[in-house]
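Please model the complete structure; the sequences and the hints are all you need to start from.
Protein chains in written order, with the working numbering: chain L, 1 to 112; chain E, 1 to 112; chain H, 1 to 144; chain X, 1 to 144.
Be careful, since some hints might not be right.
Unchecked claim - Quick list of simulated restraints, FRET-style, between CB atoms:
1) Thr101(H) <-> Asp97(L): 24 to 32 Å
2) Phe99(X) <-> Gly20(E): 25 to 33 Å
3) Leu42(L) <-> Cys102(H): 24 to 32 Å
4) Asn11(E) <-> Glu89(X): 46 to 54 Å
5) Asn74(X) <-> Arg4(L): 28 to 36 Å
6) Met95(H) <-> Asp35(E): 51 to 59 Å
7) Gly95(E) <-> Pro35(X): 23 to 31 Å
Unchecked claim - Under 10 Å between C-beta atoms, here's a sample of chain L residues computed to sit facing chain H:
8) Val3
9) Lys28
10) Arg31
11) Asp57
12) Ser59
What the hints contain is simulated information worked out from the structure, not anything from laboratory work. C-beta: ideal position from N, C-alpha, C; glycine also.
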Amino acid sequence: MPVRIVENKENKTVTAFLSGEIDHHGAKKMREEIDRAIDENLPSLLVLDFGEVSFMDSSGIGLVMGRYKKMRDLDGRVFVQNPSMHIKKVMRLAGLDKLAGIGDSSRKGVQP
Amino acid sequence: MPVRIVENKENKTVTAFLSGEIDHHGAKKMREEIDRAIDENLPSLLVLDFGEVSFMDSSGIGLVMGRYKKMRDLDGRVFVQNPSMHIKKVMRLAGLDKLAGIGDSSRKGVQP
Amino acid sequence: MKVLNEMKITFPSKSVNEGYARLAVAAFASQLDPPVDELADVKTAVSEAVTNCIVHAYPDKVGKIEICARIFENGEFYVKVKDYGCGIEDVKKAMEPLFTTCKNGERAGLGFAVMESFMDKLSVRSKVGRGTCVVMRKKFSQRG
Amino acid sequence: MKVLNEMKITFPSKSVNEGYARLAVAAFASQLDPPVDELADVKTAVSEAVTNCIVHAYPDKVGKIEICARIFENGEFYVKVKDYGCGIEDVKKAMEPLFTTCKNGERAGLGFAVMESFMDKLSVRSKVGRGTCVVMRKKFSQRG
Ligand SMILES: Nc1ncnc2c1ncn2[C@@H]1O[C@H](COP(=O)(O)OP(=O)(O)O)[C@@H](O)[C@H]1O
Ligand SMILES: Nc1ncnc2c1ncn2[C@@H]1O[C@H](COP(=O)(O)OP(=O)(O)O)[C@@H](O)[C@H]1O
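Written out as structure tokens, the structure reads:
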């Protein structure tokens, strides 16, 4: 399972634990599963957990950007959790750090 | 370092901790280091520890066979320690289990 | 500069091969004993180049992708990713960050930006209707 | 039987490429999601075939090694290892367990025995002075 979704109705939070390699081949299924959870829960915070992601190319940026736009339409926020050095590097190149909060799990509250 | 050698003069034992992938390319250096330790210590027991070996093809069989012959000339024994399932499978194919003792570290005393 | 070692791979432009291609190149580059993060850079850059062939070069068919990797005497790593697909009309424009011809929002337009920033050198040659050839080079830092 | 996917690699007969070759084949075979131990079987068999090209086919020079791997519709995995080296005079004898022409005691004479026992099918064609072609097939067991 490349995505495990945890829904917290009280906090209006959806957390998506991604795992494995995020490339063009695998990103589609991840996007779809996350979008289904957003549509069902209409959360105010989407947490994308990259702790178990071993590889990511710019397809992962498309994934985060698309979810950012979707959450913005819901007046919600996106938080990127537990990215490795490699993933941070790819995200920084895209300026994603300016759109979504990025940090480790202990700083979950950071605003976008 | 593909081989770490531990010498125990009291027990007249040399233990070689092998690591990484054992193939034709890498086996030569391993053979040489083990043989140097045998020549220096003239042990009565040579323990080959495969605990950190992630891959082995028939070059590893050549390695064990050669050491077995060398130790036999010294009236010594060879014990193969901590082989993975994969390594056991390769060794069984060669009938190595009939020449050298094979087991995990808790059964170190087994005779060849 | 003398080539110490060279490998070539060919495979069809199916997305399932993206993972295979970057792993095969990384396995070869490992001979230079690169730092883990720099090997990840190479994997990422190769993943971008191969994905471009699959998504852009052959949009509605399966075509051939060729990769050639070399190790030079001075320790430099070279990798070429080549397709025989539609080609790029304006290479300079295509290489601008955020530029993409992809309409469905799936691509971020950052493929070339990743290749450029993660490798030391990037060169792109393309001919409309003939195909595209991307060459990248990187010198790994010494370990230890 | 329909071929779903195919890759080809070529590289020179240098021993440093043994690791590269089996990793590249394993990365491709991974698409079939094989059990870990059966993937190790494939790696081991490929390592034997490639080592034979390096040690026996081109004993005193560096020659070309070609690998082709295929995934068939029925889930069967196919891998061909080919060289243009010295060839084998008596293939049947060469395939006998413990038979080796290697004098220095370095080789155990078990390369073909490993290929035969770790893969489902093995076929060897060879022509003296022209080269050798080893084809192996394996059907992985279903997981889960
Ligand atoms: N191999 C190729 N064949 C044809 N067109 C390509 C190729 N590679 C890139 N392009 C073109 O260049 C544009 C920019 O590529 P890139 O920076 O990788 O971003 P992206 O792949 O996200 O669109 C693509 O949208 C495409 O139009
Ligand atoms: N690709 C090859 N080219 C030429 N001779 C080969 C090739 N592969 C195998 N042989 C011959 O077959 C013999 C047996 O091979 P094998 O069972 O792999 O054992 P080993 O490699 O340990 O000698 C070799 O010793 C060699 O004489």
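- Message: Assuming the hint says 23 to 31 Å, is it satisfied by the Cβ distance from Gly95(E) to Pro35(X) or not?
- Response: Holds, at about 26 Å.
- Within 28 to 36 Å or not, the Cβ separation of Asn74(X) and Arg4(L)? holds, 32 Å
- Double-check Ser59(L) for me: the hint is only fine if its C-beta lies closer than 10 Å to a C-beta in chain H. holds, 7 Å
- How does the Cβ-Cβ distance of Asn11(E) and Glu89(X) compare with 46 to 54 Å: does it lie in that range? Distance hint for Asn11(E), Glu89(X) holds at roughly 49 Å.
- Does Arg31(L) pass the interface hint, meaning its C-beta sits closer than 10 Å to a C-beta of chain H? It holds, given that the least Cβ distance between Arg31(L) and chain H is near 8 Å, below 10 Å.
- Query: CB of Thr101(H) to CB of Asp97(L), is that within 24 to 32 Å?
  - Reply: Roughly 26 Å apart at Cβ, these two residues keep to the hinted range, so it holds.
- Using Cβ atoms only, decide whether Lys28(L) comes closer than 10 Å to chain H, and label the hint accordingly. This hint holds: Lys28(L) lies near chain H, its Cβ roughly 8 Å from the closest one there, short of 10 Å.
- Message: Range first: 24 to 32 Å. Now tell me if the beta carbons of Leu42(L) and Cys102(H) are that far apart.
- Response: holds, 28 Å
- Query: If you check the beta carbons of Met95(H) and Asp35(E), does the distance land in 51 to 59 Å?
  - Reply: holds, 56 Å
- Query: Does the Cβ distance between Phe99(X) and Gly20(E) fall inside 25 to 33 Å?
  - Reply: Hint holds: Cβ distance 29 Å, inside 25 to 33 Å.
- Query: Should the interface hint for Val3(L) be scored as holding, given a Cβ-Cβ cut-off of 10 Å against chain H?
  - Reply: violated, 17 Å
- chain H contact restraint for Asp57(L) - C-beta distance below 10 Å: holds, 4 Å
In summary, the one numbered hint that this structure violates is 8.
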